[in-house]
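The whole structure should be built from the sequences, with the hints applied where relevant.
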Amino acid sequence: MRRYDESRKDDFDQSLELGRDNQECLDGMNAWCTNVEIARESQGLYAEMSGLPIASHSIGCPHVEHKSSSMNLRWIFSEFLSQHCQGCPHHSPAGDPSWGNEIIASQRKAVEAREGKEADETARISELRANLADQSTQIGEMASPETRELIQFLEQLFSEDASKRAAASQRLVESASLAPELFPDASVTLLITLASTDDHAELTLPTCIALARASQSVRAAMLPMATANIERGFYTELTAELVDALGDTVQYPLSDTLIDSLIRTQHDDMAFLLWHRSSPSYQWHLNALQRSYDADQESVRQAFRLGLQNLDDRTRIRYCGALKRLQRSRPSIAVDLIESIAQSLCLFETNDSGSNTPSAEIVGVLQHAFKFAPDQVDEELASTFAGSRPAVKEDIIRVYSDLLDWDDEKTKEVDDIARSQQIAFGRLFDWVKDDTLELDLRGEAAEALENAASHRPVVISEKFDAILGYLALIVAIKEPPEPPPKIIIPGESEDPRLAGLQAHGRKREWLMLKDRLIRCLKHLTEQQSSVHFDTVAGCLQNRDANVGAELKAVCMTLLGTIGENYQLRSKALPLLMKGLMDYESVWVRGHAIDATCEMFRYSKSPPPSNIIDIMNVHLRDTYTMVHKAAVEVVSRGPRWFDEDQALDAMTALATHLKVYKDDPIQLESICEAILGLARQHDGLMHIAIGLVKSTLPTGESRPDQKIIANLVRTCPPNSPIAGVVSILIAEFLARVRSRRLNGYEHDRKRMFQWLHSLPPRTYQHISNQLLNAAREMAVHDPWETTHFASLFSHFGDFAKENSILDTVRNAIRDEPRHQEFRDDLLKLATVAKGNACLRTGDVDLAMATFASQGDPQS
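Going by the working numbering, the first residue of the sequence shown is number 1, and it counts up by one from there.
In short, the hints are calculated from the structure, not lab data.
Careful: at least some of the hints might be erroneous.
Said to hold, decoys possible - Restricting the straight-line Cα-Cα distance to at most 20 Å, the calculated cross-link-like pairs of lysine to any residue (SDA-like) are:
hint, residue 1, residue 2
1, LYS628, ASP582
2, LYS604, TRP587
3, LYS522, ALA537
4, LYS658, CYS597
5, LYS9, ASP312
6, LYS393, GLY364
7, LYS478, GLY364
8, LYS628, ARG569
Structure follows, in structure tokens:
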């Protein structure tokens with residue numbers, strides 16, 4: 001069970017609880033008033049299973065303008081009752097209204113309590129402003145002209161104009177930095193008082209910071225305010241900067257309460273709300289924590305120990321975020337806390353923060369810690385891995401996975417990167433080989449090795465032999481290992497269908513595990529083919545009976561990658577030839593054919609002629625895997641075949657068309673191979689077109705479209721056989737509807753462009769077939785049929801253009817939304833009719849026709 005699944009394990013119970021509460025609310029609301037209108041707006045699996053109203057509902061009333069809807073009925077029903085039903089003259093109980101009366105009474109009490117608090121806060125602020133105004137007046141009576149100007153700035157802090165308040169705050173900061181002696185004691189007291197209030201803290205704390213940096217005499221007075229602000233989490237970043245400005249007045253380490261508050265107020269759990277800008281750095285939070293840590297490491301470590309074990313996800317995210325920042329400058333802290341960090345990773349999560357989870361943060365912390373103490377961190381993670389559940393094991397695998405993918409920037413700050421990556425590879429490879437682990441976890445470890453081989457091959461290149469050796473042990477094993485034992489509850493039996501599905505899933509994961517190891521080896525041979533050639537060649541030349549066909553097939557795949565290196569190709573070809581002629585194993589032959597294609601895919605020179613002859617032999621092989629692989633070679637490398645070989649291949653492919661007549665996908669592949677040969681050898685064009693024509697239609701639109709599009713690319717419009725291709729294109733366009741929202745529609749555009757490029761003589765021979773196709777298309781797609789009208793106009797066949805435009809106009813419904821289009825079609829048809837008259841020499845009729853186009857109704 002993964003993290004997300006774990007976080008959703010109580011969903012059903014929570015939904016049942018919501019459904020029961022919703023049922024209570026529905027019963028109470030239905031009894032409250034006959035005017036209430038409640039409608040269910042959604043359905044769901046949990047609702048169907050339980051029979052409870054676990055669904056979104058709307059509530060309204062004929063006497064209320066708007067409706068409200070929600071899945072939590074207590075929320076919207078309570079709001080509806082308090083807003084609309086209190087004192088309603090239309091209230092008509094449909095039963096016992098006590099439930100609604102209780103809701104209204106509780107809502108009234110809550111409103112009264114809230115209004116009372118707001119009144120108290122308003123009175124407190126008014127009293128504070130009055131007192132502060134009196135203090136400002138007293139300061140002004142005793143001050144110098146410069147100080148009186150400062151008093152004016154202080155008074156502007158109470159202005160209703162936000163711009164004036166901001167300007168006054170900025171002037172006070174500048175004055176405090178340049179001339180702190182101008183601030184009398186009363187003004188300092190005033191600033192300290194304001195720095196603890198909601199309305200003025202953001203305006204006055206910068207001035208306090210500037211004063212504290214410029215004058216030591218005010219620091220002692222500001223310290224109580226600073227500690228009080230941090231303790232209650234009030235503007236902690238600004239206050240932490242003030243703590244730094246207070247210098248030696250502050251005793252380090254800070255108290256446990258202050259340290260805890262500095263950590264908790266780093267809001268990494270709200271990072272998803274800051275997607276549009278960079279996350280805050282919390283520089284001054286970090287500075288205060290660093291100084292406390294330097295004074296007494298245990299004081300900070302203990303705060304993190306407690307916080308990392310907090311069961312609330314958001315709290316743990318904050319502690320992890322703070323730890324990640326602190327460990328950048330004090331890397332030893334994460335190493336010292338490694339046991340607590342591992343224990344925190346094992347806690348369950350609710351996953352209500354989206355992708356921002358404690359486990360994701362902890363993985364980052366562990367990766368950074370690994371750089372500086374790989375052996376110690378590895379030992380703790382291995383111990384945790386052994387006794388943890390799959391979700392935790394997955395997170396630990398992620399730690400090691402990223403270690404193998406460090407880029408150059410990350411490795412600069414690590415002295416012994418090779419040691420860290422050596423440990424990471426060893427651990428991941430051990431997990432890949434561990435038969436007691438779940439297969440999906442082993443697959444993730446193998447995926448980590450694959451990614452490392454792809455992006456950082458130098459890291460694991462020397463482990464090539466070890467990976468190939470383990471693959472040799474498992475590649476021939478078809479059945480996956482038995483799953484880990486599980487607890488069986490007496491009296492419960494497993495559904496055999498579920499057991500079958502799980503068995504199928506294990507087989508798929510077993511195949512994926514082997515495929516990932518093969519891709520890992522392939523990436524390594526791509527990067528360092530000369531290094532690994534001897535190993536691969538040694539496996540293929542080994543006459544030991546234990547070297548089975550499956551391992552030889554893997555080596556053939558690797559040989560194809562190695563052979564892309566021109567300098568090694570001459571050594572690889574004899575081994576490849578042995579694979580192509582290995583009639584003891586279909587598996588080896590199939591992979592050898594694929595390797596041939598891989599070896600020469602980017603080569604300017606073709607494979608040796610005798611290899612192409614062997615491909616033609618394999619085209620006639622009775623085994624599906626072999627002849628399909630040979631068809632793929634022809635499709636990807638038609639230029640490798642000379643004319644005789646191409647004719648031989650086409651003969652074999654013609655047989656395949658008959659065999660696979662009921663398999664549209666395979667027919668598409670065969671036709672691609674045939675047309676590829678035709679593009680290389682013009683003499684085979686007639687044969688190729690005839691063969692492809694015999695397959696159409698295949699019975700599925702997608703293969704038909706790809707075949708026709710291939711025909712357009714293969715046969716030029718001026719070809720002698722273009723008429724046949726034109727009819728195939730027209731029939732396809734008429735038969736298969738356009739998907740306007742589908743990205744493949746550029747193929748249809750090219751088809752019409754190709755038809756426009758036909759020579760006039762070819763067009764004359766097929767014009768009637770084109771007209772029939774256009775009429776067939778007009779039945780289901782009048783809009784696209786106008787492309788045929790354009791085609792007829794292009795060749796001056798105005799009578800057919802007029803005919804098809806009339807057909808299109810009649811096919812479109814006579815509705816107001818189509819009227820403008822219908823009128824345009826009528827005008828175009830009239831012009832086409834007039835042009836047709838000109839073609840026949842009837843000028844008078846043509847002029848009369850043109851004159852009539854001004855009136856759409858004529």
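To see whether the hints hold, each was checked on the structure:
1. LYS628 with ASP582: Holds, at roughly 17 Å.
2. LYS604 with TRP587: violated (28 Å)
3. LYS522 with ALA537: Since the Cα atoms of LYS522 and ALA537 sit roughly 14 Å apart, the hinted pair holds (cutoff 20 Å).
4. LYS658 with CYS597: violated (25 Å)
5. LYS9 with ASP312: holds (17 Å)
6. LYS393 with GLY364: holds (15 Å)
7. LYS478 with GLY364: Roughly 37 Å between the alpha carbons, so the hint for LYS478 and GLY364 is violated.
8. LYS628 with ARG569: Status violated; Cα separation ~25 Å.
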